[in-house]
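Student: Build the complex from these two chains, which are given one at a time in their own frames, with help from the hints.
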Amino acid sequence: GENVEQHPSTLSVQEGDSAVIKCTYSDSASNYFPWYKQELGKGPQLIIDIRSNVGEKKDQRIAVTLNKTAKHFSLHITETQPEDSAVYFCAASYGNQFYFGTGTSLTVIP
Amino acid sequence: NAGVTQTPKFQVLKTGQSMTLQCAQDMNHNSMYWYRQDPGMGLRLIYYSASEGTTDKGEVPNGYNVSRLNKREFSLRLESAAPSQTSVYFCASSEPGQGVIAQYFGPGTRLLVL
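First to last, the protein sequences are chains L and V.
The first sequence: position 100 = 100 (the numbering used here), numbered continuously.
The second sequence: position 36 = 36 (the numbering used here), numbered continuously.
Same shape as in the complex, but just chain V (with noise of 0.2 Å):
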């Protein structure tokens, strides 16, 4: 059981080139989020899935796509990177139908864009 997992765990891109980031889950969760983390601003939510084939925009979706590929993978892109989408990227996984939201993180991404 590995939990939440993302690739790649580290990325430089140039600005202007484009990039997928990968999540799976193997919780069986419905509900996936993408968070980016920068210093002294805490974790702002991208986009969430909260349930297989329905995609919503979080507090911070300019520049970003998301694609719920089935119920374990939830990938985001970034078309044209901009030097402002230099951050560290977190995958999230919750199951709200259980009573319980608490959310599980995997272990990053970290993006560098020059």
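Isolated chain L, as found in the complex (with noise of 0.2 Å):
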């Protein structure tokens, strides 16, 4: 099966500064990797995904790139704020098979 391998697992970072988790995968069939915020106490919830026919894809201050070369795909959180602060979860899927990174805690100090 897949293997989804993310890092850090724990990130802290001033506020206004950037942040960067990067995911690997295993599994060439993987198509679709979403990126997931949890918040203390909560449900992850989607906050930008990315297909394999696209490198990058961006929503205001978050973007995501993939590399199906090498099988990594990274999170990218510019202008960070401290309601950033919680964990997010990298996953990578093809059919309605999920598999989930181990998670990273972001902490942004303001």
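Keep in mind that the hints were calculated from the coordinates and are not lab data.
A couple of the hints might just be wrong.
[As the list claims (entries may be wrong)] If we take Cβ atoms under 7 Å as the criterion, some of the chain L residues that face chain V in the derived model are:
1) ALA29
2) TYR32
3) GLY43
4) LEU46
5) PHE100
6) GLY101
[What the hints assert, rightly or not] In silico BS3-like cross-links for lysine-lysine, where the CA-CA straight-line distance does not exceed 27 Å:
7) LYS37(L) - LYS68(L)
8) LYS57(V) - LYS71(L)
9) LYS9(V) - LYS42(L)
10) LYS14(V) - LYS42(L)
11) LYS71(V) - LYS42(L)
12) LYS57(V) - LYS14(V)
13) LYS58(L) - LYS68(L)
14) LYS42(L) - LYS57(V)
15) LYS37(L) - LYS22(L)
Glycine is no exception: its CB is placed at the ideal position from the N, C-alpha and C atoms.
Tutor: As structure tokens, this is what we get:
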């Protein structure tokens, strides 16, 4: 099956700085890569996603890049704000199977 | 529009007891999923239902059963709970046919098995 690795497990940044979270996957059949934000005590919420036929996607302060050859994809958050503090999960999917990374706990220091 | 709802929010069981976790969605989605979330392990798929009347095993199905009662509801049953099933359980739904297969998650059920 698919194996998704996510790094780093924890990340602290100063408010206004950028944050980058990286994931790798093993199965070249994976064709959909969502990113989720999970706040304490809540379910994961989709923040951005990318399909395998696209190399980059941006939504305001959030962007995702995908390198299919190297089998890795990254989440970039610019101009971080305290409300960005949360746990972020990447996932790789094909069909109805979703495989998640182990999460990155992001802390934005005011 | 409540999205995905789950009941109960929290449950304590003794080893060997049974229980059913309920999930319902009001987004008219065809696909529904059950995940468990454990510290340091992310979310792992237990079972999913691609459409009403079908269910399939995910990554960690042992010790669980599911029922897709109708298009809205997808329940997860623990027949004989074990301490290893202590976890947070999330239900999710999606609509692959719309070209975007984003999953929408419920708030979770926290289960403690003693």
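Student: Does each hint fit the structure? Answer for all of them.
Tutor: A quick look at each hint next to the structure:
| no. | hint | result |
| --- | --- | --- |
| 1 | ALA29 | violated (14 Å) |
| 2 | TYR32 | holds (6 Å) |
| 3 | GLY43 | holds (3 Å) |
| 4 | LEU46 | holds (5 Å) |
| 5 | PHE100 | holds (4 Å) |
| 6 | GLY101 | holds (6 Å) |
| 7 | LYS37(L) - LYS68(L) | holds (23 Å) |
| 8 | LYS57(V) - LYS71(L) | holds (26 Å) |
| 9 | LYS9(V) - LYS42(L) | holds (11 Å) |
| 10 | LYS14(V) - LYS42(L) | holds (25 Å) |
| 11 | LYS71(V) - LYS42(L) | holds (24 Å) |
| 12 | LYS57(V) - LYS14(V) | holds (25 Å) |
| 13 | LYS58(L) - LYS68(L) | holds (18 Å) |
| 14 | LYS42(L) - LYS57(V) | holds (25 Å) |
| 15 | LYS37(L) - LYS22(L) | holds (14 Å) |
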